[in-house]
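Chemist: Line order of the protein sequences matches chains A and B. Residues 101 to 380 in this note's numbering are what the first sequence spells out, letter by letter. Residues 101 to 380 in this note's numbering are what the second sequence spells out, letter by letter.
A few of these clues could be false.
Copies of one chain are not kept apart here, so a pair can be met inside one copy or by any two copies together.
Claimed, not checked - Below, in silico cross-link-like pairs of lysine-lysine (DSSO-like), each with a Cα-Cα straight-line distance of 30 Å or less:
hint: 1; residue 1: K246; residue 2: K344
hint: 2; residue 1: K315; residue 2: K275
hint: 3; residue 1: K252; residue 2: K198
hint: 4; residue 1: K328; residue 2: K185
hint: 5; residue 1: K142; residue 2: K246
hint: 6; residue 1: K249; residue 2: K293
hint: 7; residue 1: K183; residue 2: K350
hint: 8; residue 1: K249; residue 2: K327
hint: 9; residue 1: K252; residue 2: K344
hint: 10; residue 1: K181; residue 2: K249
hint: 11; residue 1: K181; residue 2: K328
hint: 12; residue 1: K350; residue 2: K252
In short, the hints are calculated from the structure, not lab data.
2 protein chains.
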Amino acid sequence: MKVIVAERCGFCHGVKNAISTAEKILTEEKQVYSLGAIIHNKDMVERLARAGLKTVDNVEEIQSGTVIIRSHGAAPEQIAKLKKKGLKIIDATCVLVKRVQQIAKELNNAGYKVVVIGNENHPEIQAVVGCARDVAVVADESDLHKLPKNSKLGIVCQTTESPEHFGKMLGAIGKREFSELKVINTLCKEAIKRQESAVEVCKQVDIMFVLGGLKSANTCKLAELCKKYNNQTFHLQNWNELDKNVVCGKNIAGVTAGASTPEWIIAEFVKNLEALDTGG
Amino acid sequence: MKVIVAERCGFCHGVKNAISTAEKILTEEKQVYSLGAIIHNKDMVERLARAGLKTVDNVEEIQSGTVIIRSHGAAPEQIAKLKKKGLKIIDATCVLVKRVQQIAKELNNAGYKVVVIGNENHPEIQAVVGCARDVAVVADESDLHKLPKNSKLGIVCQTTESPEHFGKMLGAIGKREFSELKVINTLCKEAIKRQESAVEVCKQVDIMFVLGGLKSANTCKLAELCKKYNNQTFHLQNWNELDKNVVCGKNIAGVTAGASTPEWIIAEFVKNLEALDTGG
């Protein structure tokens with residue numbers, strides 16, 4: 101079948117940096133840990149595990165060696181624990197995520213209650229929350245009851261969110277009673293370009309595939325946006341997950357991939373899809 | 101017919117202050133001017149004119165005497181001209197309007213492009229615009245092209261706007277590319293209470309009357325909101341303007357009035373309306 105690949109997809113700078121940092125350290129050190137999955141991609145994490153990277157959930161599981169802080173960052177409290185244990189720390193936090201942490205701290209120090217628009221279960225957000233004293237996480241309008249009225253709110257957003265959702269939330273906050281809002285745009289421009297590129301492709305195709313980790317926030321956002329414009333959108337981790345029945349009778353497929361999806365996953369998927377005779 | 105009057109309506113503090121200031125000055129001085137209508141109410145302006153208040157459109161029309169700065173304020177440039185002419189200036193600008201002017205100046209000095217959500221033809225907004233160097237007025241979403249992208253915007257709102265419109269505009273601005281937004285809530289809480297009170301009444305009645313000047317921003321906003329919930333809403337200046345055919349067959353009428361509508365206009369309207377036999 102015919103396949104259109106989104107102009108912008110796959111690894112972003114932050115993920116590339118985290119992976120190359122891990123690969124380099126693994127050639128230099130014996131005991132290398134990652135505090136949580138270094139990126140939200142099972143295949144890549146498995147490949148790095150074969151090269152020796154040990155992924156752990158808690159600081160308590162590490163006794164000695166080198167610890168890589170993953171692309172999503174870590175809370176200051178966790179980093180302090182690592183330092184206390186005398187472990188060597190390699191920081192692979194994405195620079196844009198680092199910026200959100202810094203801004204959250206500054207807003208708090210300037211007297212704002214920090215409002216983080218995002219998913220409270222995502223490690224990026226958990227690390228940002230750890231950087232501020234007075235903070236609330238709001239995913240959607242149903243969470244706005246968490247915000248105090250008539251106060252000064254300092255607002256940031258999960259880097260992988262869409263401008264549409266960011267704006268929608270600002271609109272909802274602006275309709276409530278507030279005294280002041282200071283909003284810093286913390287969206288990742290690369291993620292936005294990928295969103296635009298994905299939406300453009302999904303409008304032209306019979307079926308759309310979004311490749312990437314199921315826990316990957318930016319990949320989930322791509323899938324969410326594509327579903328809005330093309331209900332034949334499927335979020336898969338790799339070629340093995342494709343149910344061939346879904347492409348049956350279809351002519352053109354679109355493919356995009358999250359910022360943490362390695363090139364080999366995309367290439368294999370596209371090659372196999374092109375070779376399929378779907379009878380479309 | 102049965103008449104329900106909104107719990108909150110009529111003169112606000114700012115208007116009361118402007119009127120009492122004018123009345124006091126008129127007993128003390130001979131030549132008293134108002135730069136533009138002192139409040140947006142024809143009946144009240146006529147009453148003050150009979151007491152000696154001269155309303156002029158331009159500074160150029162005043163040669164000597166005392167000038168009252170109306171409730172909506174005046175731009176610093178106009179005030180400078182009055183001072184240069186050696187005129188005595190009495191400032192009756194509403195304190196909340198004065199606050200918007202001050203905030204616009206401060207935002208500009210702090211490096212923000214000032215964005216005023218409001219009607220560029222309204223004197224309050226024209227005075228605020230006169231207080232900032234780098235400023236844009238946006239009434240609705242169709243004006244947003246005026247705003248530069250990827251910049252720091254300092255946002256204020258016309259005091260008489262509704263929280264709903266303020267939020268809607270913030271949402272639309274938030275969906276665009278920006279680097280930072282600093283939003284100061286400049287809405288008049290008294291105006292908001294009147295809006296809520298008017299909406300509450302208009303939902304219970306067969307016909308709704310909003311009394312006040314046709315150029316009065318807060319009265320127009322009340323009429324706009326009431327029309328949303330009750331399409332039998334009429335914006336009238338006083339009893340003389342009522343077309344009695346519209347109440348024919350109706351049982352219950354609601355009445356509200358803008359912040360610049362004098363009590364005697366409301367009382368006369370309600371009294372006459374209650375005395376009507378509408379056959380409802």
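Chemist: Indicate, hint by hint, whether the structure satisfies it.
Modeler: Status of each hint after checking the structure:
In this assembly of identical chains, the alpha carbons of K246 and K344 never lie at most 30 Å apart, being 45 Å within a copy and 50 Å across copies at closest. In this assembly of identical chains, K315 and K275 lie within 30 Å of each other by CA distance solely across copies; the values are 25 Å between and 32 Å within a copy. In this assembly of identical chains, K252 and K198 lie within 30 Å of each other by CA distance both inside one copy and across copies; the values are 23 Å within and 21 Å between. In the homo-oligomer, the alpha carbons of K328 and K185 never lie at most 30 Å apart, since the shortest distance is 48 Å inside one protomer and 64 Å across protomers.
For a Cα distance limit of 30 Å, the shortest separation of K142 from K246 qualifies neither inside one copy, at 34 Å, nor across copies, at 46 Å. In this assembly of identical chains, K249 and K293 lie within 30 Å of each other by CA distance solely across copies; the values are 16 Å between and 35 Å within a copy. Taking CA atoms no more than 30 Å apart as the test, K183 paired with K350 passes in neither setting, with 55 Å inside one copy and 78 Å between copies. Proximity of K249 to K327 under the C-alpha cut-off of 30 Å is restricted to the inter-copy arrangement: shortest distance 28 Å between copies versus 35 Å within a copy.
For a Cα distance limit of 30 Å, the shortest separation of K252 from K344 qualifies neither inside one copy, at 53 Å, nor across copies, at 50 Å. Taking the shortest Cα distances, K181 and K249 never come within 30 Å of each other, neither inside one copy (36 Å) nor across copies (42 Å). In the homo-oligomer, the alpha carbons of K181 and K328 never lie at most 30 Å apart, since the shortest distance is 43 Å inside one protomer and 58 Å across protomers. For the identical chains of this complex, K350 and K252 are neighbours neither inside a copy (53 Å) nor across copies (47 Å), given an alpha-carbon limit of 30 Å.
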